[in-house]
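Letter 182 of the sequence shown, counting from 1, is numbered 182 in the working numbering, and no numbers are missing.
If you are wondering where the hints come from, they were derived from the structure by calculation, not from laboratory data.
All values derive from a computational prediction rather than experimental measurement.
Hints should not be assumed to be uniformly reliable.
Unchecked claim - Taking lysine-lysine pairs in the PhoX-like style, the calculated list, with each CA pair at most 20 Å apart, reads:
no., residue 1, residue 2
1, K299, K79
2, K246, K80
3, K169, K183
4, K169, K79
5, K104, K299
6, K104, K80
7, K299, K78
8, K104, K79
9, K104, K169
10, K78, K104
11, K104, K163
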Amino acid sequence: MGPAVGWRSEAPVTSAGHRGKVVCNSAGAGAVMDSAPATATPTLAELPICSVINTQGMVLPEAPDGTLGAVYAIYDDKKKLQYIGTTTDLRNALRTALGRRPEKTYYYKFHNLQTGEPAVLQAVKDAWFAECGGQPNGNRLAIERSMWQQPVDAGAISERGRKGAAEEKARQLIQTLKDRGCKEEFTPNATLLLEGQVEFLPARNLSDEELAAEREAEAARMRGRRSCSAVVDGAERVFHTSYNLKYPTNGGIMMDVSVLFDGRETNHRIIVGAEYYEPYGLAPEAAVEAGLALLLRAKVARATEGMLLSSQFPVNYFALGQVEQWYGEEFRSEFERITGGIQLTTHESNAWRFNRIHDYGPLRNETADQLNTALGKAPSPAAGAIMQAMGEEEDEEPSGPGILDFVLGN
């Protein structure tokens, strides 16, 4: 088996109309699939892909009445298959995988069964291996398989340092999960910490009332959101937006926008100039979503902290014009796709420019007389002629000894 733990079977009651079915309610997935025993094993290709962390920050796959086992496949952030496992408790199997390999555990596909017989689960697993042309690295490679199936080794170099190293590793893993938007509690196994290993305890089973409350909270979270699309890694992906503030400005509008994508929600303040929507009869939201789609496509970090480097886009607070200045034709192409064919007029005249109008910096090679003049010393008789020549022939590079030659007396 893969990352799974012992579990007391307690199948949740699904909502009306979905008894005997499972609904993947994570962001970007809403497909329904039969879970009753079938004559043929469903292929991975036909199963919906779900976000491991849902829009509420929970690891909460649904299961129909009578579910006793499941086969699941784990995918990374690029939706590349990493590992296939079997379990009698899908929720805690996913939590365990997430705790051990958060950098690899982003999405999953699964098939529920009304039996926990290892031979039956293994048959489904083997069928998926055959479909993929062999085992994924997480099953095939010994070192990868160990990382999926064993607690995390904190890498302590001495016996005395085992507990401290494991505690620090646990803190790092928990912070990574929080950064991913996970709101579930992850508690390390205290016994394994003493051995220099990190393994998170299984979560308790939620009651029917708690499950219903979680589903309602997620449904409420999605109400009133706009659905949009971005092309990421060549595939069209859905993201959702909601607008918490709209404030008119001189020449446009400022908006506080919440973006929900890949099970993670981020907040952005965006200034939109009227030239991006008024001439085309668009709502400002359409222009904003074109910019967001481009930033998602370009995989720009969705939150930044502290001082930014010049290479970092100020994604927390920016003007739509900055997106156009950074990405140019790519943004205009995305604007056309989002708006159904409207071609955006370029706004390069609004961009900031720095034009070099004086000869300064490393391109200039000052002479001794020029340096004397700059330092307030009396120039030599040749200085006036040199300065005049420079004024008349700006494009010619000055000749003569440089600053080092002057300092060294050469």
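Right, here's what the structure says about each hint:
1. K299 x K79: holds (15 Å)
2. K246 x K80: At roughly 39 Å apart (the allowed maximum being 20 Å), K80 and K246 break the hint.
3. K169 x K183: holds (19 Å)
4. K169 x K79: violated (26 Å)
5. K104 x K299: holds (17 Å)
6. K104 x K80: Holds: K104 and K80 sit about 9 Å apart, inside 20 Å.
7. K299 x K78: holds (11 Å)
8. K104 x K79: Holds. K104 to K79 sits at ~10 Å (cutoff 20 Å).
9. K104 x K169: holds (17 Å)
10. K78 x K104: holds (9 Å)
11. K104 x K163: Between K104 and K163 the Cα gap is close to 25 Å, so the pair fails against 20 Å, i.e. violated.
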